[in-house]
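Enquirer: So the chains spell out like this:
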Amino acid sequence: MASTILKRATSSSMKSRVESLLIGASRRSYASVAVGTDIVSAAPDVSLQKARSWDEGVSSNFSTTPVKDIFKGRKVVIFGLPGAYTGVCSQQHVPSYKKSIDKFKAKGIDSVICVAVNDPYVMNAWADKLKAKDAIEFYGDFDGSFHKSLELGKDLSAALLGPRSERWSAYVVDGKVKALNVEKAPSDFRVSGAEVILEQI
Amino acid sequence: MAPIAVGDVLPDGTLSCFDAEDKLQQVSVHSLAAGKKVIIFGVPGAFTPTCSLKHVPGYIEKAAELKSKGVDEIICISVNDPFVMKAWAKTYPENKDVKFLADGSANYTHALGLELDLSEKGLGTRSRRFALLVEDLKVKAANVESGGEFTVSSADDILKAL
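Chains as they are written, first to last, in my numbering: chain A, 1 to 201; chain B, 1001 to 1162.
Bear in mind the hints are in silico, worked out from the structure with no lab data behind them.
Just so it is clear, CB atoms sit at the ideal spot from N, CA and C, and this is done for glycine as well.
Treat each hint with caution, since some may be false.
[Stated by the list, open to error] Derived DEER-like restraints, expressed as beta-carbon distance ranges: (1) B/Gln-1025 with A/Gln-91: 26 to 36 Å; (2) B/His-1030 with A/Asp-134: 13 to 23 Å; (3) A/Asp-55 with B/Ser-1119: 36 to 46 Å; (4) B/Asp-1136 with A/Ser-32: 25 to 35 Å.
[Claimed, not checked] Non-contacting residues of chain B with respect to chain A, defined by C-beta distances greater than 12 Å in every case (computed): (5) Ala-1020; (6) Glu-1021; (7) Gln-1026; (8) Lys-1036; (9) Gly-1045; (10) Gly-1058; (11) Gly-1070; (12) Pro-1082; (13) Thr-1091; (14) Pro-1093; (15) Leu-1118; (16) Lys-1121; (17) Gly-1124; (18) Asp-1156; (19) Leu-1159; (20) Ala-1161.
[Unchecked claim] List time: in silico DSS-like cross-link candidates among lysine-lysine, alpha-carbon distance up to 27 Å: (21) B/Lys-1138 with A/Lys-154; (22) A/Lys-129 with B/Lys-1023; (23) B/Lys-1036 with A/Lys-129; (24) B/Lys-1023 with A/Lys-184; (25) A/Lys-148 with A/Lys-133; (26) B/Lys-1090 with A/Lys-99; (27) B/Lys-1023 with A/Lys-131; (28) A/Lys-129 with B/Lys-1099; (29) B/Lys-1138 with B/Lys-1067; (30) B/Lys-1069 with A/Lys-129; (31) B/Lys-1096 with A/Lys-133; (32) B/Lys-1090 with A/Lys-98.
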């Protein structure tokens, strides 16, 4: 435990919850993600599920992708949104990244990733509907653990969605957050689009 | 909660859906079922194969026959949010009778005692596959699959109970 506390104190994520480390016996540390955060350290045991059809799930034994495989040694632009098939997500957020994919590739980005608290089968059907699977990699954070680790979870029960996430985007190089944009409200679409993050790369 | 069984009173609960004007609505189960003959069938997940390719189509095909036997409502429920249920329902443009209702928080599925943990398949808490025949809130038939099968909960199976 002591070494974890030292790591938290030296990381530039000053909003980390030291109290939870002192009280809890859990190894999971929740740290509010910020520029400089190491995503892999913030979410060490977390995996995401690549959007897939059920058959693909069966043949891969329902395999999951650990966060470190997604981010380590790669330049990634990742954006998270409240829910597949919902308004802003479908009509503005995903299209914004889909139409700028060439610009991202030109800047050396290895993957543009869309993540939401949905199961990977819904993500897959939605990605097909938006015809966005060639450009963007879709992942499901079905139990919200990825977003919870980064303190980007949000309760959207009032919108009948249950626990979901903020609307956000980040530019991450070798696991370190270089740029982070989080909307004030999940229904906003002001800072988390492709144009904003392209300027930050 | 023990799984719902023949002779039980159907519990009340709230499900959600988008109405004909595309507005989000919360619906009370009792308001749909009181004084009526209804079929409620549950599926583990929208956009998954057995649910999409066999279970739902069976009820859409047999809807007319079920209605001719006095069934007032045919309701499909799943632990999915109403946006996903709406999108899934749209993949069945020929459907006129089956209502797709969302039990996003799994509260109603829990009230029926029919929840199932499918976390290792990336689905989380879902519903068992089942079909209920309910007359004026009394359960007349409760066909619940024990695992991933599809042997007792189809439209053909529930037709036998009518």
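Enquirer: Work down the list of hints and note, for each, if the structure agrees.
Expert: Evaluated hints:
Take B/Gln-1025 and A/Gln-91: their Cβ atoms lie about 22 Å apart, and the range 26 to 36 Å is violated. Here the CB-CB span from B/His-1030 to A/Asp-134 is close to 47 Å, at odds with the stated 13 to 23 Å. For the pair A/Asp-55 and B/Ser-1119, the beta carbons lie near 20 Å from each other, so the given range of 36 to 46 Å is not met. Look at B/Asp-1136 against A/Ser-32: about 53 Å separates their beta carbons, and that is not inside 25 to 35 Å.
No beta-carbon of chain A comes within 12 Å of the beta-carbon of B/Ala-1020; the shortest separation is about 18 Å. The non-interface label for B/Glu-1021 is consistent with chain A: the shortest C-beta to C-beta separation is roughly 15 Å, beyond 12 Å. Non-interface call for B/Gln-1026 relative to chain A: violated, since the shortest CB-CB distance, roughly 8 Å, does not exceed 12 Å. Separation of B/Lys-1036 from chain A is adequate, the least Cβ-Cβ distance of about 25 Å exceeding the 12 Å criterion.
A beta-carbon of chain A is positioned within 12 Å of the beta-carbon of B/Gly-1045; the least distance is around 6 Å. Distance check for B/Gly-1058 against chain A: the nearest CB is about 18 Å away, which clears 12 Å, and the non-interface claim stands. Separation of B/Gly-1070 from chain A is adequate, the least Cβ-Cβ distance of about 32 Å exceeding the 12 Å criterion. Not every beta carbon of chain A lies more than 12 Å from that of B/Pro-1082, the smallest distance being close to 6 Å; the non-interface claim is violated.
Here B/Thr-1091 does not stay apart from chain A, with its beta-carbon only about 8 Å from theirs, under the 12 Å limit. For B/Pro-1093, the shortest C-beta to C-beta distance to chain A comes to about 14 Å, beyond the 12 Å cut-off, and the non-interface label holds. At the 12 Å boundary, the C-beta of B/Leu-1118 falls inside the reach of chain A, the nearest C-beta of that chain being 9 Å off. Residue placement check: B/Lys-1121 does not keep its beta carbon more than 12 Å from all beta carbons of chain A (closest about 5 Å).
B/Gly-1124, annotated as away from the interface, has a beta carbon of chain A within 12 Å; the closest lies near 5 Å. At roughly 23 Å from the closest C-beta of chain A, the C-beta of B/Asp-1156 stays outside 12 Å, upholding its exclusion from the interface. Residue-level check passed: B/Leu-1159 sits 27 Å from the nearest beta carbon of chain A, beyond 12 Å. The claim that B/Ala-1161 lies off the interface holds: its Cβ sits roughly 29 Å from the closest Cβ of chain A, which is beyond the 12 Å cut-off.
Simply put, B/Lys-1138 and A/Lys-154 have alpha-carbon atoms about 39 Å apart, too far for the 27 Å limit, and the pair is violated. Proximity of A/Lys-129 to B/Lys-1023 is assessed by CA-CA distance (about 22 Å); at most 27 Å being required, the pair is judged to hold. The suggested pairing of B/Lys-1036 with A/Lys-129 is violated, with an alpha-carbon distance near 37 Å, which exceeds 27 Å. Simply put, B/Lys-1023 and A/Lys-184 have alpha-carbon atoms about 25 Å apart, close enough for the 27 Å limit, and the pair holds.
In summary, the hint linking A/Lys-148 to A/Lys-133 is supported, as the alpha carbons are separated by about 26 Å, within the 27 Å threshold. Between B/Lys-1090 and A/Lys-99 the alpha-carbon distance is near 26 Å, which keeps this suggested pair within the 27 Å criterion. As the CA atoms of B/Lys-1023 and A/Lys-131 are separated by approximately 26 Å, the hinted pair is consistent with the 27 Å bound. At most 27 Å may separate the alpha-carbon atoms for a hinted pair to count; A/Lys-129 and B/Lys-1099 meet this at roughly 22 Å.
With a C-alpha separation of about 18 Å, the suggested pair B/Lys-1138 and B/Lys-1067 falls inside the 27 Å cut-off, and the hint holds. At most 27 Å may separate the alpha-carbon atoms for a hinted pair to count; B/Lys-1069 and A/Lys-129 exceed this at roughly 37 Å. Straight-line distance between C-alpha atoms of B/Lys-1096 and A/Lys-133 comes to about 31 Å, which puts the hinted pair past the 27 Å bound. Between B/Lys-1090 and A/Lys-98, the direct Cα distance comes to roughly 24 Å. Compliance with the 27 Å bound is thereby established for this hinted pair.
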